[in-house]
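2 protein chains.
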Amino acid sequence: MPQGQPSNVPEDGLTTRQRRNRPLLMVHTGDGKGKSTAAFGLAMRGWNQGWNIGVFQFVKSAKWRVGEQTVLERLGRLHAETGEGGPVEWHKMGSGWSWSRTRGSEADHAADAAEGWAEIKRRLAAGAHDLYVLDEFTYPIAWGWVDAEDVVETLANRPGHQHVIVTGRRAHPRLLETADLVTEMTKVKHPMDDGQKGQRGIEW
Amino acid sequence: MPQGQPSNVPEDGLTTRQRRNRPLLMVHTGDGKGKSTAAFGLAMRGWNQGWNIGVFQFVKSAKWRVGEQTVLERLGRLHAETGEGGPVEWHKMGSGWSWSRTRGSEADHAADAAEGWAEIKRRLAAGAHDLYVLDEFTYPIAWGWVDAEDVVETLANRPGHQHVIVTGRRAHPRLLETADLVTEMTKVKHPMDDGQKGQRGIEW
Chain L
1 MPQGQPSNVP EDGLTTRQRR NRPLLMVHTG DGKGKSTAAF GLAMRGWNQG WNIGVFQFVK
61 SAKWRVGEQT VLERLGRLHA ETGEGGPVEW HKMGSGWSWS RTRGSEADHA ADAAEGWAEI
121 KRRLAAGAHD LYVLDEFTYP IAWGWVDAED VVETLANRPG HQHVIVTGRR AHPRLLETAD
181 LVTEMTKVKH PMDDGQKGQR GIEW
Chain F
1 MPQGQPSNVP EDGLTTRQRR NRPLLMVHTG DGKGKSTAAF GLAMRGWNQG WNIGVFQFVK
61 SAKWRVGEQT VLERLGRLHA ETGEGGPVEW HKMGSGWSWS RTRGSEADHA ADAAEGWAEI
121 KRRLAAGAHD LYVLDEFTYP IAWGWVDAED VVETLANRPG HQHVIVTGRR AHPRLLETAD
181 LVTEMTKVKH PMDDGQKGQR GIEW
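So the sequence lines, in the order shown, correspond to chains L and F. The numbering of the first sequence is the UniProt record's numbering, which starts it at 1 and goes up by one. The numbering of the second sequence is the UniProt record's numbering, which starts it at 1 and goes up by one.
The set of hints was computed from the structure by calculation and includes no laboratory data. There may be inaccurate statements among the hints.
Which copy? The list can't say, so a pair holds if one copy fits it or any two copies do.
Under the rule of at most 30 Å between Cα atoms (straight-line distance), these lysine-lysine pairs were calculated in the DSSO-like manner [claimed, not checked]:
1) Lys121 / Lys189
2) Lys63 / Lys121
3) Lys63 / Lys189
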């Protein structure tokens, strides 16, 4: 993928450098594979730039653990040990948010999701991370557990230079409208259609 | 992304375990972002499973270096030092394939691409890697530098249990036909449309 050239230059009074350094709101949506994988790949890329990475997985299951968590947390420890790359935090709703006292309140995912978003708002206000991966965050919005307008307002007005990636199907129209970059992953062909189950290393 | 369940079970005489362990040919195509990023994310996931990873970038530029190369090569060294994960090799056409005597023959990308494919064929025959990332390999096929039928035949008949991911736009119809899993990344919105140039950590 070559370094892209803009197809046109806007008259927004910004220099190329200012425009280049604009923090991005990115959305990976659609029914295909690769939404989260590409987001975690960007986190790996950001780590390499020395960025402070925060991953927030809005998944219901505590057991579910993707290989990227192991690797990115390992990279975070590598940073602590050798100074390479940047720090990494990985938080998961299903196991109970690590900052929360209520551990995995199976009963009330809506409250868990709202709590996760409240923490992310605090971190955005404080400029805690350089890159936020809000994995599967489209669902709590779609289900009304988190208010879409609040999300859009907060993200649009976040201070400093914080990149945000939101992944998941059924992205809210307001989120798409607000995003700088939207990619839709479309399933053209998938082995599960042929009766194949997910497999280690490929699906997790 | 929860562990998927098959939508139907084929009568192919295979057990679920056999079917599950089928090596996959995956293609990431389309005009959107995330094709390579998701492939490198899968490589990170595979590394975590202890897989032997081979990345072959069919890019013309020797200078171009994505953050994932630094990180995956670092993970490869970590494997050598501590036994964590698996080994990683990263080869790039633009800088002259590392196994080749001709260093970056700027003049003849077609010959370079053919040489890269010849090496990959040897490795597939030998079962050298568990996961091959053939990054931007759609282009040498599209340009006729590498024969599409040869690619399809070789990949369809590769021995053992070797996963292959091919990335790039304009994937050849025969490749799509042969692939187990095809994902199309579609650009819905991109900041370069607004005159923004690519930026560090996001584009590379």
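Here is what the structure says about each hint:
1. Lys121 / Lys189: Cα proximity of Lys121 and Lys189: across copies only (25 Å, versus 38 Å in one copy).
2. Lys63 / Lys121: within (26 Å within a copy, 39 Å between copies)
3. Lys63 / Lys189: Close inside one copy (28 Å), not across copies (35 Å); limit 30 Å.
In the structure shown, no violation is registered for any of the earlier numbered hints.
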